[in-house]
Amino acid sequence: MGDPEKERDAMLELRDLAVAVDGRQILSGIDLEIGYGETHVLFGPNGSGKTTLLMALMGFPRYQVTGGAIKLNGEDITSLPPDERARRGIGMMYQRPPTVRGVSLRQMVSISSRDDLDVASLAGEMNLEEFLERDVNHGFSGGEIKRSELLQLQAQNPDLVLLDEPESGVDMENLQLVGRAIRRLLQKDLVRRRSKSGLIITHTGYILDYVEADHGHVLCNGTIVCSGNPREQLEGIRRYGFEECATCTR
Amino acid sequence: MHALEEIRERARAAAAKPALYGADLDPCEYTAEAGECGYVESLDQLEELGAEELARAGVEISGKERSGSYVQIDGSVVHSKALEKGLEVLGCREALEKYDWLWDYYWNAVAVDADKYTADVELNPFEGYFMRAMPGSRTIYPLQACLYMREPRFVQRVHNIIIAEEGSELHIITGCASKHDIEAGLHLGVSEFYVKRNAKLTFTMVHSWAEGMDVRPRSAVVVEEGGLFMNNYIAMEAVRSLQTYPTCRLVGEGATARFNSIMVAQPGSELDVGSRVVLGAPGCSAEIISRAVTRGGNIVARGHLKGETGGIRAHLECHGLILEEGGAILAVPELEGHHPDVDMSHEAAVGKIAQQEVEYLMSRGLSEEEATAAIVRGFLNVKIEGLPPRLEQEMKRMMEMSRRKAL
Ligand SMILES: Nc1ncnc2c1ncn2[C@@H]1O[C@H](COP(=O)(O)OP(=O)(O)O)[C@@H](O)[C@H]1O
Ligand SMILES: [Mg+2]
Numbered sequence: 001m002g003d004p005e006k007e008r009d010a011m012l013e014l015r016d017l018a019v020a021v022d023g024r025q026i027l028s029g030i031d032l033e034i035g036y037g038e039t040h041v042l043f044g045p046n047g048s049g050k051t052t053l054l055m056a057l058m059g060f061p062r063y064q065v066t067g068g069a070i071k072l073n074g075e076d077i078t079s080l081p082p083d084e085r086a087r088r089g090i091g092m093m094y095q096r097p098p099t100v101r102g103v104s105l106r107q108m109v110s111i112s113s114r115d116d117l118d119v120a121s122l123a124g125e126m127n128l129e130e131f132l133e134r135d136v137n138h139g140f141s142g143g144e145i146k147r148s149e150l151l152q153l154q155a156q157n158p159d160l161v162l163l164d165e166p167e168s169g170v171d172m173e174n175l176q177l178v179g180r181a182i183r184r185l186l187q188k189d190l191v192r193r194r195s196k197s198g199l200i201i202t203h204t205g206y207i208l209d210y211v212e213a214d215h216g217h218v219l220c221n222g223t224i225v226c227s228g229n230p231r232e233q234l235e236g237i238r239r240y241g242f243e244e245c246a247t248c249t250r
Numbered sequence: 001m002h003a004l005e006e007i008r009e010r011a012r013a014a015a016a017k018p019a020l021y022g023a024d025l026d027p028c029e030y031t032a033e034a035g036e037c038g039y040v041e042s043l044d045q046l047e048e049l050g051a052e053e054l055a056r057a058g059v060e061i062s063g064k065e066r067s068g069s070y071v072q073i074d075g076s077v078v079h080s081k082a083l084e085k086g087l088e089v090l091g092c093r094e095a096l097e098k099y100d101w102l103w104d105y106y107w108n109a110v111a112v113d114a115d116k117y118t119a120d121v122e123l124n125p126f127e128g129y130f131m132r133a134m135p136g137s138r139t140i141y142p143l144q145a146c147l148y149m150r151e152p153r154f155v156q157r158v159h160n161i162i163i164a165e166e167g168s169e170l171h172i173i174t175g176c177a178s179k180h181d182i183e184a185g186l187h188l189g190v191s192e193f194y195v196k197r198n199a200k201l202t203f204t205m206v207h208s209w210a211e212g213m214d215v216r217p218r219s220a221v222v223v224e225e226g227g228l229f230m231n232n233y234i235a236m237e238a239v240r241s242l243q244t245y246p247t248c249r250l251v252g253e254g255a256t257a258r259f260n261s262i263m264v265a266q267p268g269s270e271l272d273v274g275s276r277v278v279l280g281a282p283g284c285s286a287e288i289i290s291r292a293v294t295r296g297g298n299i300v301a302r303g304h305l306k307g308e309t310g311g312i313r314a315h316l317e318c319h320g321l322i323l324e325e326g327g328a329i330l331a332v333p334e335l336e337g338h339h340p341d342v343d344m345s346h347e348a349a350v351g352k353i354a355q356q357e358v359e360y361l362m363s364r365g366l367s368e369e370e371a372t373a374a375i376v377r378g379f380l381n382v383k384i385e386g387l388p389p390r391l392e393q394e395m396k397r398m399m400e401m402s403r404r405k406a407l
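In the order they appear, the protein sequences are chains A and B. Residues 1 to 250 (this note's numbering) make up the first sequence, in order. Residues 1 to 407 (this note's numbering) make up the second sequence, in order.
Derived from the structure by calculation, the hints contain no laboratory data. We put the beta carbon where it would ideally sit given N, CA and C, even for glycine. Hints are supplied without guarantee of correctness; some may be wrong.
[Said to hold, decoys possible] The following label-pair restraints were derived from C-beta to C-beta distances: (1) A:S121 / B:E65: 30 to 36 Å; (2) A:Q64 / B:V332: 51 to 57 Å; (3) B:D181 / A:E84: 49 to 55 Å; (4) A:T78 / B:K64: 55 to 61 Å; (5) A:N221 / B:P389: 53 to 59 Å; (6) B:V332 / A:R15: 53 to 59 Å; (7) A:N127 / B:E65: 37 to 43 Å; (8) B:S345 / A:R194: 53 to 59 Å; (9) A:R193 / B:H346: 37 to 43 Å; (10) A:D31 / B:E392: 55 to 61 Å; (11) B:E369 / A:R88: 18 to 24 Å.
With the sequences and hints as input, model every part of the structure.
Encoded structure:
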């Protein structure tokens, strides 16, 4: 990044990415570039491969990159394990995180945190004080899982924030709270100095009422079929459904 | 001493009787000779005897926050003293001389002819402690007991009698340890617990043996009406073989028993650890929880709940984690009901660490080793309810110490 002559690297750059799970090809030909400070959303029907993309970006071994490359800040991280990626600034909110017996939410927060932080007050903001001593995700409702994931992410404070359906299962009351946490993660109150980037999976698009997105992508059958203005895309999806996306010529 | 003669007779008859479980050992192959250790009035005088090793077993040498202590090294009682009113700590033989009535408790909970090890303890010179909480007494701090072995090839014979009198509350922390470089040794420990009406007894034991040690604790508990017995057992360090299967009889209405066992088998270790509760009166309840982790050794985790009468509740939970190939875990949960109105259940699971959980922690920044360690630690981190907060802290500290050495 130091050389002004050189084209500035993107936060994340995917070139012709292909991913297989258990030997089955799920994603192919994915091209995506997320600049510094940008927020992208990813639409797509159930089973289209959205979660698979995020899991591959985080580096889980089951999600095997069979073609193309993943670059973070210009560095090829395709073969790095998840912890190395976390250390380089990628953080992910799971759609369905596992329960870890004997490991409390408080421990998860402290594991995640880069710096010392006031766990209690952060948990308070996320309405999770009562959950800190509980085994992480054990008996958590859908909405509690989302808030717990966001609490951990806030502790982690990643540069590239990957969110898998952050609003699903969250009641109206907590939607505000979730939206606020995401805005904070993505430094939405900064304009020129914003450096955090995000990739948000959304099935419903509700999250766009709380978080501005710069670019939208539609994933169908494992490949990106459309990139553009997220609000227009959402409008189209709401009106015509995803079936139209695959054949869309507009 | 007609009764004692009868006891001896039964012991002699069982002298060659192998135990039901565990490798068959011959106590005669060990020596009963060990250097004498003199009695010390104050615990800090123990330092020259290898205080670090005693600390290994979780014993608080300073005696701080303890209401009394018993320390035995090989075959010598080096210290026994109660510091608070309402408590009594004596050598077991001394106590039997002092109190005629104690003979009624002697070999009452444990059968002297259970196997060759119980018989052996009776037929040979032994030491051990007598601990007693007077009726209605309550102490803030726990009593501590330490049984230490340092003579090579020694057989340590121990007979303990613990009585929580009516309405009392007694907490005991005990460490059993051997010098870590001892090449062989045998520990035979008989413990008889009596929990009287509405009394509460908690017994937290940490074992820190050595690779060459064989260990055969023989314990039994009798709990009367409204009484509570809680046993927390931690064995994470190397041992050659360890076999124990304490039985707790709930004989009075509303009596409760809880057993928590936390085990780690090092490569070459054979652990066979069980807990049994016989629920013999209405309103009794029992819970047996065990967590077993193998790093290459073998573990048999047993549990047996026997509901003899209606209106009882009991649950058994047996979880095993195999960390290394070569290690094996056999979980044997048994439920036995003798009445239509029993509520008994069990839950058993044996497996490896879930990769998904490791990866979850890795995605938060832990290396694979760190993530694995955190999960194993969580697995062993049984939530123990019913200990006073201070003691719970203490138990966590002891567990943490053991865990650090074990994993
Ligand atoms: N862990 C997995 N095991 C088996 N199949 C999977 C797994 N993850 C994803 N798949 C398959 O990959 C496809 C895409 O799934 P996913 O990425 O979860 O879609 P989305 O998040 O868009 O709903 C589906 O057909 C799904 O069945
Ligand atoms: Mg998904």
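The hints, checked one at a time:
1. A:S121 / B:E65: 30 to 36 Å: 33 Å, holds
2. A:Q64 / B:V332: 51 to 57 Å: With a Cβ separation near 40 Å, A:Q64 and B:V332 fall outside 51 to 57 Å, so the hint is violated.
3. B:D181 / A:E84: 49 to 55 Å: Given a distance of about 41 Å, which is not inside 49 to 55 Å, the answer is violated.
4. A:T78 / B:K64: 55 to 61 Å: With a Cβ separation near 57 Å, A:T78 and B:K64 satisfy 55 to 61 Å, so the hint holds.
5. A:N221 / B:P389: 53 to 59 Å: With Cβ atoms ~58 Å apart, the hint holds.
6. B:V332 / A:R15: 53 to 59 Å: 56 Å, holds
7. A:N127 / B:E65: 37 to 43 Å: 38 Å, holds
8. B:S345 / A:R194: 53 to 59 Å: 55 Å, holds
9. A:R193 / B:H346: 37 to 43 Å: 59 Å, violated
10. A:D31 / B:E392: 55 to 61 Å: 56 Å, holds
11. B:E369 / A:R88: 18 to 24 Å: 19 Å, holds
The structure shown violates the earlier hints numbered 2, 3 and 9.
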